[in-house]
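S.K.: Sequence:
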Amino acid sequence: HYGRLVELATADEVYSHPLHPYTKSLLSAIPVPDPDVERRRVPLPYDASKVEGDNKKRKMVEVYPEHYIFAADDEVAAYKAEAEADHQGVKAAQ
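25 is the number that my numbering gives to position 25 of the sequence shown; each next residue is one higher, with no gaps.
Just so you know, the hints here were simulated from the structure itself, not pulled from any lab data.
Treat the hints loosely; a few may be bogus.
Claimed, not checked - Listed below are the simulated DSS-like cross-link pairs for lysine-lysine, each with C-alpha atoms no more than 30 Å apart in a straight line:
(1) K24 <-> K59
(2) K56 <-> K24
(3) K56 <-> K80
(4) K80 <-> K59
(5) K24 <-> K80
(6) K57 <-> K24
(7) K57 <-> K80
Said to hold, decoys possible - What follows is a set of in silico ranges between Cβ atoms, one per label pair, in the way DEER data are often shown:
(8) P33 <-> A11: 15 to 21 Å
(9) S16 <-> V61: 31 to 37 Å
(10) A11 <-> A81: 22 to 28 Å
(11) P31 <-> V76: 30 to 36 Å
(12) D47 <-> D12: 15 to 21 Å
(13) R40 <-> A77: 31 to 37 Å
(14) A77 <-> P31: 30 to 36 Å
(15) G3 <-> D36: 14 to 20 Å
(16) P45 <-> P65: 26 to 32 Å
(17) E82 <-> P43: 36 to 42 Å
Virtual Cβ for every residue (Gly too), placed ideally from N, Cα, C.
Can you make the complete structure from the sequences, with help from the hints?
M.R.: Written out as structure tokens, the structure reads:
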């Protein structure tokens with residue numbers, strides 16, 4: 001994002017549990033080779049102005065084991081909670 005890494009984890013982790021809004025937007029834009037699914041697919045918009053204009057200091061922070069997000073201090077707790085809930089949901093579904 002603007003030449004910065006915003007999310008760092010294994011490929012499986014990023015594809016299965018994207019956390020940063022920019023990553024989610026990028027992944028939602030990947031075409032699906034099934035015409036029926038592709039017609040229903042709704043790409044997630046990303047509004048950089050919500051992040052770039054707030055003047056918060058951001059840094060790479062580990063929010064789940066080996067999963068890092070470029071985030072401001074006041075955003076970290078929400079990312080950690082989302083990561084934990086997402087992983088718990090996967091474990092519950094198994």
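S.K.: Taking the CB of A77 and the CB of P31, does the distance hold inside 30 to 36 Å?
M.R.: The hint (30 to 36 Å, Cβ to Cβ) holds, given that A77 and P31 are roughly 34 Å apart.
S.K.: Is it true that the C-beta distance of R40 to A77 lies inside 31 to 37 Å, as the hint says?
M.R.: With a Cβ separation near 34 Å, R40 and A77 satisfy 31 to 37 Å, so the hint holds.
S.K.: Just tell me: holds or violated, for the beta carbon distance of D47 and D12 against 15 to 21 Å?
M.R.: Distance hint for D47, D12 is violated at roughly 28 Å.
S.K.: Quick one: are P45 and P65 within 26 to 32 Å, going by C-beta?
M.R.: holds, 30 Å
S.K.: Falls inside 30 to 36 Å, the C-beta gap from P31 to V76?
M.R.: holds, 33 Å
S.K.: Would you say the C-beta atoms of P33 and A11 sit inside 15 to 21 Å of each other?
M.R.: holds, 19 Å
S.K.: K24 and K80: Cα distance at most 30 Å?
M.R.: holds, 16 Å
S.K.: K24 and K59: Cα distance at most 30 Å?
M.R.: At roughly 19 Å apart (the allowed maximum being 30 Å), K59 and K24 satisfy the hint.
S.K.: Can you let me know if the beta-carbon spacing of E82 and P43 is within 36 to 42 Å?
M.R.: violated, 20 Å
S.K.: Against the 30 Å threshold, does the CA-CA distance of K57 and K80 hold or violate the hint?
M.R.: holds, 18 Å
S.K.: Taking 30 Å as the top limit, are the C-alpha atoms of K57 and K24 close enough?
M.R.: holds, 22 Å
S.K.: Can the restraint linking K56 and K24 be considered satisfied, given a maximum Cα separation of 30 Å?
M.R.: Within the cut-off at roughly 21 Å; holds.
Checked against the numbered hints listed earlier, the structure breaks hints 9, 12, 15, 17; every other hint is satisfied.
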